[in-house]
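In our numbering, the protein residues as written are 91 to 915.
There may be inaccurate statements among the hints.
[What the hints assert, rightly or not] Lysine-lysine pairs mimicking DSSO-like chemistry, simulated, CA-CA at most 27 Å apart: (1) Lys456 / Lys710; (2) Lys149 / Lys439; (3) Lys664 / Lys449; (4) Lys606 / Lys149; (5) Lys572 / Lys775; (6) Lys592 / Lys439; (7) Lys225 / Lys482; (8) Lys572 / Lys225; (9) Lys661 / Lys703; (10) Lys633 / Lys449; (11) Lys420 / Lys633; (12) Lys149 / Lys134; (13) Lys456 / Lys703; (14) Lys443 / Lys420; (15) Lys443 / Lys592; (16) Lys710 / Lys775; (17) Lys134 / Lys201; (18) Lys420 / Lys606; (19) Lys408 / Lys703; (20) Lys661 / Lys420; (21) Lys456 / Lys606; (22) Lys242 / Lys449; (23) Lys408 / Lys420; (24) Lys592 / Lys482; (25) Lys456 / Lys420; (26) Lys592 / Lys633; (27) Lys456 / Lys134; (28) Lys449 / Lys420; (29) Lys482 / Lys522; (30) Lys572 / Lys149; (31) Lys149 / Lys420; (32) Lys408 / Lys449; (33) Lys592 / Lys408; (34) Lys134 / Lys606; (35) Lys439 / Lys482; (36) Lys703 / Lys775; (37) Lys449 / Lys661.
Quick caveat, the hints were computed from the structure, so don't treat them as lab data.
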Amino acid sequence: MSRINDVDDGDLNEQANAHASALTRTFFGGDDSTVNIEDAELMKDFVIESQEHLGDIEKDFLTMELQGAEIDLDLVNHVFRAIHSIKGAAGFLGLPVLESLAHREEEVLNKIRNREVIPTVEVVSTLLSATDGLKELLDCIDVSNDMDVSEKIAALDRILSGSSQSNNADGSSPSDDSQRDNEQLVKESEANLDQATEAVDTLVNEDSTPLSPDATEANDETGPSAVASPAPKPITKPAKQPESAKTQPSPGSDSSPAETSIRVDVGLLDTLMNQVGELVLARNQMLQFAERFDDNEYNTTSQRLNLITSELQEGVMKTRMQPIGNVWSKFPRLVRDLAQICEKEVRIKMEGKETELDKTIIEAIKDPLTHLVRNTVDHGIESPDVREAYGKDREGCLMLRAFHEGGQVNIEICDDGAGLNVDRIRTKAVEKSVITEQQAQSMDEQEICNLIFAPGFSTAEKVSNVSGRGVGMDVVKTNIEKIGGTLDLESHSGLGTTVRIKIPLTLAIIPALLVKCAENRFAIPQVNLMELVRLEGEQATSKIDWIQNAPVYRLRGQLLPLVDLRTILGKAPKEPADSVESEVTNIVVLRADDQQFGLIVESINDTEEIVVKPLSAQIKELPVYSGATILGDGSVALILDVLGVAQRGRVLQSSGSRNPGAQDDSANAEAERLQSLLVLGIGQKRQVAMHMSQVARLEQVPDQMIEEANGQSVIQYRGQILPLIDMASVLGVSRSRTPVPGDETDAIENSDLATELTNQVVVYSEDGRSFGLVVDRIIDIVEADIDLVESTCGNGLLGSAIIQDRVIDLLDLPSVIQSAGHRLA
């Protein structure tokens, strides 16, 4: 592409301007007062190159602020050259507003490198504001000459007027008058007109990437510019100037940007990626055909094609890869500005900036990461006085870390702030009707912390420009999940908070598990896959339990909710096998929104790299599908959206129904009347119930795990001693102990039955203490509008009620605990 050279300084007298105007008309046409730019590509290249300059120098401004009076001249020169290049090209292309703003900013930078101005916080803020103005002008380049930047210029002029009493009224720098006068400028312009013509000819015809600011300056020093510059460096050593920029390669080196990189349109890369995707599909077909033929030569050719395709796929995907540092580069400025607004002291550290991601992923995570950084500065890190009172450094630290692991990119956002205030989050969640009071009491700390991702939730006391509107964190979670990522939160009071994000490297070609259901094949992204479970024979039916008409499977002691893919597809249930021995159930254990569930499929085929294709308009709105792919045999398979499947299967609530406050009044009134109860069986016929908010966990405890301490039955539970309370003894009922259906205890002799039976235990927590309630059966979870009869209260009961056509006693658990000889507090 074309390159914009640094050929004009924009502060010439009338005669010098006449030469520049004549030169412009020679190549572009137009009159003396207005440059008529006919080459749109030239203007486009100028905008792109200028934006690259501005993107690089923002972090340099922040470094200058930290250095203060002990500035690094090489760094200031690097920034100066970038602004100088923009100003010169803007003057040449007839953009006076952009030129004037860049010229004022250049003058301030010139005084900084002459040590006439110290880059204080106020000075750097003004420079950053001026740079923002340049970006706005570049974004609206077509109307930039009509935009008003007078306030930004006035702010820069105040710095200039405050630094020296000898400034000229027209704003020109003192070095202009001391080294050159207008006559000399004109003479140099006339003498170098031929060389300027050659420079512009190169500008129009050259097809290469833009040179670095150092290389541009090298052109100015090795030969006269097209139009003389009135602002040469005061008392410098031109011969050593190119070597001083440590952050840029030298112009004469073999690794200059013009020789090692080119600028390629993103559309071309997308086209290449699509073609490689088609090649991958053809490769998969070839490999399937190769398995059918016993031809060594054909198979060898297929394997060679497979190797070349894989290497080509990897190479093309690398062209779309960008370092995550491209996103992070904006955060130092963001943290600095937010810290000033919140009156805090925050430094930012970054590790793994070179970690690469696909361009589409980079674009998708930009906003979520910005939200997380803003919330960390606003909510996470304390004010300097508070930190000092707790023995911390006055300056808080925000750490960004990225690394590859397990075929995914891990991103961590850590701070050393106060951590999440669990009690405050619980209180706010109840106030905003995100959860009920009963739910709040039954939730553990991790579940309470995750409430910050609920829609409309915020702990800010008042709405500000930074936070308090209740938007942002739910958007973070939603956007991360849309690209197949997961988000985990860890917080420790007084120590800080860490947010961990796991996202795929790319969305274009992904590994997937192929399954079959209802005569169709479906692809499940491996990023959501946890494990595979196969139940055969009697286990296919006996190991699956039902709670409130919902199937569950006990996987390593944890209840795993099951979703039948046939039900999701609207198909009839699978016909039972001819015999118990031939019965097979395949469960794909998946993870969605920090929740595991099992997807029942008919068969599991294989894993394969698939090319993700967009859905057609007819099925685009279906939430259970995220895309489609073409398999090796040419057939089409739909890609399942794991989150959508979980929501359709009622394992998870949809984001639109997570907030009870969003329901209408009648629904809220009905929900308030209904109570969620766990129904338990004790003895042969008796049934009791307890509120689900009182249930911490359901466990199965073999008899051999039960021990005795101080005359009471206990078990070792999660590193603590859990007292057991026999509910049959408390209520004066004889226990009815039967083996669990399908358990191995069916084959045990009666003499050994008592030692092998499993006890159903309901873990109940209150006031920081936990107890295990031993019952005979866990029957169901029901929601009912209870009309309690209190005449039956006492002896550990609140009363009785008719629930699902049965008389069920409601337990008074504090009374039960006390009657068993325990104390809650």
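Quiz prompt | Numbers of the earlier hints that this structure fails to satisfy, in rising order | solution = Of the numbered hints given earlier, those the structure breaks are 3, 4, 5, 7, 8, 10, 11, 16, 17, 18, 20, 21, 22, 24, 26, 29, 30, 34, 36 and 37, listed in rising order.
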